[in-house]
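Working from the sequences, and respecting the hints, build out all of it.
Listed here are the chains, written in short residue letters.
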Amino acid sequence: MSGETQDEGGKGADATPTRRRLLMLGAASASAVVTIRPALAQTAGSVMHCEIPVPDPIRAGNGWIGADGAIVAPDTPGAVRPAPRPFTGEEVKAALRDGMPLPGADYEASRAYMNYIRRLQSGVSGFTCYASLQMPRG
Amino acid sequence: MAALYRADPPALRVTAAADAMTLIYHRPSGITHVVASPVPEILDALDEGPADARSILARLAVAHDLSGEEEAGAAIAARLDEMAAAGLVARA
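Quick mapping for you: the protein sequence lines, in order, are chains V and E.
So the first sequence is numbered by the numbering used here: it starts at 1 and just counts up by one.
So the second sequence is numbered by the numbering used here: it starts at 1 and just counts up by one.
The set of hints was computed from the structure by calculation and includes no laboratory data.
Think of the CB as a built atom: it goes at the ideal place given N, C-alpha and C, for glycine as much as any other residue.
Honestly, I wouldn't trust all of these hints.
Which stretches of chain E does chain V cover? Using the computed rule of at least three CB atoms under 8 Å from a CB of chain V, they are [as the list claims (entries may be wrong)]:
1. 20 to 34
2. 38 to 47
3. 60 to 67
4. 71 to 84
Here it is as structure tokens:
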């Protein structure tokens, strides 16, 4: 332990005065990180890679997606065809955050798909993925 | 050759102060960490780019008065190990 705090910036040349504060480095053995893994975060490692089928093929059969996100009969006016492939969590997150259309979907289809996704409920394929997207709030 | 460590860009973390602790939500993993000083400061120091323990210490010393310098190197190395295990930093 020696006089460690002496005037390292002796030249005083920096125009921006920085407020120095004491940083306790602590003992090497003193753990400083606790990681929280909530139940839903068990899937968090794959949040961005999880998939949301639009619609859930098991429940929707060959139904189409109405503008409001409901599953409707094929060829219903104003409805769009099912998405050709499931969307990834990352794609849905980008759409939620930035309002970007989902890949491969035009504005109308993307809006219907997003309405479908917002209406997902527990037990429907893609729900856990969508729910886990809701957790991070910046 | 000392190991180099890097951290994800700050935009990939959400940080909130919680009294003496800091909560860090790491977006890529979706995992939240409760950390104590000097972990947030080490992450800040890594914003300048990958560094080994010695360089990190030098960066920390720019803005901070450091206590416990006798074992500073060991303390920083231990924190980096811990942060790497948690996924907050990676060996570059």
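The hints, checked one at a time:
Proximity of the region 20 to 34 of chain E to chain V, defined as three or more residues with a beta carbon under 8 Å from a beta carbon of that chain, is established by the 9 residues found. Note: the region 38 to 47 of chain E has 3 residues with beta-carbon separation from chain V under 8 Å; the three-residue rule is met and the coverage holds. As drawn, the region 60 to 67 of chain E meets chain V at 8 residues by the rule of a beta-carbon pair under 8 Å; at three or more, the given contact holds. Residues of the region 71 to 84 of chain E with a Cβ under 8 Å from some Cβ of chain V number 10, which satisfies the need for three, so the listed coverage holds.
No hint from the list above goes unmet by this structure.
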